[in-house]
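Please put together the full structure from these sequences, using the hints given.
In UniProt numbering, the protein residues as written are 1 to 237.
Hints were generated in silico from the structure; no laboratory data involved. Because the structure is a prediction, the values reported are computed rather than measured. Backbone N, C-alpha and C define an ideal beta-carbon position, used for all residues, glycine too. Among the clues, some could well be false.
[Claimed, not checked] SDA-like mimics (lysine to any residue), calculated; alpha carbons at most 25 Å apart, straight line: (1) K50 x S78; (2) K169 x R131; (3) K69 x R131; (4) K50 x G129; (5) K69 x A193; (6) K50 x F11; (7) K50 x A189; (8) K169 x S78; (9) K169 x A193; (10) K69 x D95; (11) K50 x A194; (12) K69 x D51; (13) K169 x Y79; (14) K200 x R74; (15) K50 x R35; (16) K69 x I179; (17) K169 x D67; (18) K69 x R100; (19) K50 x A193; (20) K69 x S154; (21) K50 x L215; (22) K169 x E91; (23) K169 x L114; (24) K169 x H92; (25) K200 x I179; (26) K69 x T220; (27) K200 x P216; (28) K69 x P180.
[Said to hold, decoys possible] Now the in silico label distances, taken between C-beta atoms and shown as ranges: (29) R98 x G48: 32 to 38 Å; (30) N201 x R35: 57 to 63 Å; (31) R214 x G63: 47 to 53 Å; (32) T220 x G157: 45 to 51 Å; (33) R218 x G48: 19 to 25 Å; (34) A119 x N201: 38 to 44 Å; (35) A197 x A115: 42 to 48 Å; (36) R134 x R214: 39 to 45 Å; (37) A194 x P97: 43 to 49 Å; (38) N201 x L174: 33 to 39 Å; (39) D101 x A31: 16 to 22 Å; (40) P216 x G120: 37 to 43 Å.
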Amino acid sequence: MTIVEEFEVIFRLMMGATVDGQSGIVQRLLAALQRATWLWTDGSVEGGVKDGGSGAVVIWSDGEEEDLKTPAGRHCSSYRAEMLALASGFEHLLDNPRDRDIPIVICTDSMASLATLRAGPTAQTSPLGVRIWRAFSRLSREGHRPIHAQWVPSHCGIEGNERADAMAKEAAELPQEDIPVDTRTICRAVARAAREATIKNWPAGWFRSVMGDRLPPRVTGLERSSAVDVHQLRAGH
1 MTIVEEFEVI
11 FRLMMGATVD
21 GQSGIVQRLL
31 AALQRATWLW
41 TDGSVEGGVK
51 DGGSGAVVIW
61 SDGEEEDLKT
71 PAGRHCSSYR
81 AEMLALASGF
91 EHLLDNPRDR
101 DIPIVICTDS
111 MASLATLRAG
121 PTAQTSPLGV
131 RIWRAFSRLS
141 REGHRPIHAQ
151 WVPSHCGIEG
161 NERADAMAKE
171 AAELPQEDIP
181 VDTRTICRAV
191 ARAAREATIK
201 NWPAGWFRSV
211 MGDRLPPRVT
221 GLERSSAVDV
231 HQLRAGH
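Next up, the structure:
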């Protein structure tokens, strides 16, 4: 558990030994925070590379519920979709101030997102990370209330997580044409396309039969002539 005292943000990323154990731990933790504003978030991306969707479910302390759906872009990573879901959810809470005297509990199955955010506001390297920490600051300071960021296992029958997952899938089907794409996502998409093209065009031969759809490791620690021999063998020459 990490506590960022300036903003009263508490991160919990613990994991049990089994899926059932993880789910049980999370359910007990969540049961201890009954009176709170709940924010469940999730992201969805087709093939991990395109048509991203970000979903969130807000459950207010009086039981009222809201579903949020945000398209994440034609070119999108799972990480970006998850981070956008968090950012969109927090900004919705800021735009609809309620229950300022009770905690906010965020539940997401994105370990990568929480690990990134746990590093603190000054460690963020993406616009989405900065947006989320700004929201953390405002939400915490405006009501002097703690924010609990809780990791939850996915597809374990936890109702809030399942609903957020459904919202993310619906969001992925929304129009994507006008959604901006960040530089990092573009670079990753280009790198992935280049990798796929390299594998597709790799000449047939014994090395291809061994490696299949995997790229060979880099050749290091050899003299130039030896490295050339290795590359020729790989290429089937």
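Each hint tested on the structure:
1. Our distance criterion of 25 Å between C-alpha atoms is met by K50 and S78, whose separation comes to about 9 Å.
2. Distance restraint check for K169 and R131: the Cα-Cα separation of roughly 23 Å lies within the 25 Å cut-off, and the hinted pair is therefore satisfied.
3. The suggested pairing of K69 with R131 holds, with an alpha-carbon distance near 18 Å, which does not exceed 25 Å.
4. Between K50 and G129 the alpha-carbon distance is near 21 Å, which keeps this suggested pair within the 25 Å criterion.
5. Taken as a hint, the K69 and A193 pair is broken in the structure, with Cα atoms around 28 Å apart against an allowance of 25 Å.
6. Of the supplied pair hints, the one linking K50 and F11 is violated, its CA atoms being roughly 29 Å apart against a limit of 25 Å.
7. The hinted pair formed by K50 and A189 meets the criterion: a straight-line CA distance of about 9 Å does not exceed 25 Å.
8. This hinted pair checks out: K169 and S78 have alpha carbons roughly 12 Å apart, not beyond 25 Å.
9. Taking the CA atoms of K169 and A193, the gap is about 24 Å. The hint holds against a cut of 25 Å.
10. Distance hint between K69 and D95 is fulfilled; the C-alpha atoms sit about 16 Å from each other, no more than 25 Å.
11. Taking the CA atoms of K50 and A194, the gap is about 16 Å. The hint holds against a cut of 25 Å.
12. This hinted pair checks out: K69 and D51 have alpha carbons roughly 13 Å apart, not beyond 25 Å.
13. Taking the CA atoms of K169 and Y79, the gap is near 15 Å; set against the 25 Å cutoff, the hint holds.
14. In summary, the hint linking K200 to R74 is supported, as the alpha carbons are separated by about 23 Å, within the 25 Å threshold.
15. Of the pairs offered as hints, the one joining K50 and R35 is violated, with about 38 Å between alpha carbons and a cut-off of 25 Å exceeded.
16. Our distance criterion of 25 Å between C-alpha atoms is met by K69 and I179, whose separation comes to about 13 Å.
17. For the proposed pair K169 and D67, the alpha carbon gap of about 12 Å is at most 25 Å, so the pair holds.
18. About 24 Å separates the Cα atoms of K69 and R100, which keeps this hinted pair within 25 Å; it holds.
19. A threshold of 25 Å between alpha carbons decides the hint, and for K50 with A193 the separation of about 12 Å falls inside it, so the pair holds.
20. Pair hint K69 plus S154 holds up; C-alpha atoms about 19 Å apart against a cutoff of 25 Å.
21. A hinted pair counts as satisfied when its Cα atoms are at most 25 Å apart, and K50 with L215 qualifies at roughly 22 Å.
22. Of the supplied pair hints, the one linking K169 and E91 holds, its CA atoms being roughly 20 Å apart against a limit of 25 Å.
23. A threshold of 25 Å between alpha carbons decides the hint, and for K169 with L114 the separation of about 21 Å falls inside it, so the pair holds.
24. About 19 Å separates the Cα atoms of K169 and H92, which keeps this hinted pair within 25 Å; it holds.
25. Of the supplied pair hints, the one linking K200 and I179 is violated, its CA atoms being roughly 30 Å apart against a limit of 25 Å.
26. The straight-line distance between the Cα atoms of K69 and T220 is roughly 47 Å, outside the 25 Å bound, and the hint therefore fails.
27. Using a Cα cut-off of 25 Å, the hinted pair K200 and P216 holds, with the two alpha carbons roughly 13 Å apart.
28. A threshold of 25 Å between alpha carbons decides the hint, and for K69 with P180 the separation of about 16 Å falls inside it, so the pair holds.
29. In this structure, R98 and G48 meet the distance hint of 32 to 38 Å, their C-beta atoms being roughly 36 Å apart.
30. Distance hint check: the CB atoms of N201 and R35 are about 59 Å apart, consistent with the given range 57 to 63 Å.
31. One distance hint, 47 to 53 Å for the beta-carbon pair R214 and G63, holds here, with the actual separation near 51 Å.
32. Remark: the range hint 45 to 51 Å for T220 to G157 is upheld by a beta-carbon distance near 47 Å.
33. For the pair R218 and G48, the beta carbons lie near 24 Å from each other, so the given range of 19 to 25 Å is met.
34. A beta carbon spacing of about 39 Å between A119 and N201 agrees with the range 38 to 44 Å that was offered as a hint.
35. Separation of A197 from A115 is about 31 Å and departs from the stated range, judged on CB atoms against 42 to 48 Å.
36. For the hinted restraint 39 to 45 Å between R134 and R214, the CB-CB distance of approximately 41 Å keeps it satisfied.
37. For the hinted restraint 43 to 49 Å between A194 and P97, the CB-CB distance of approximately 47 Å keeps it satisfied.
38. A C-beta distance of roughly 35 Å is found between N201 and L174, which places it inside the suggested range of 33 to 39 Å.
39. Under the hint 16 to 22 Å, the C-beta atoms of D101 and A31, about 21 Å apart, fit the expected range.
40. Judged by the Cβ atoms, the range 37 to 43 Å given for P216 and G120 holds: they are separated by roughly 39 Å.
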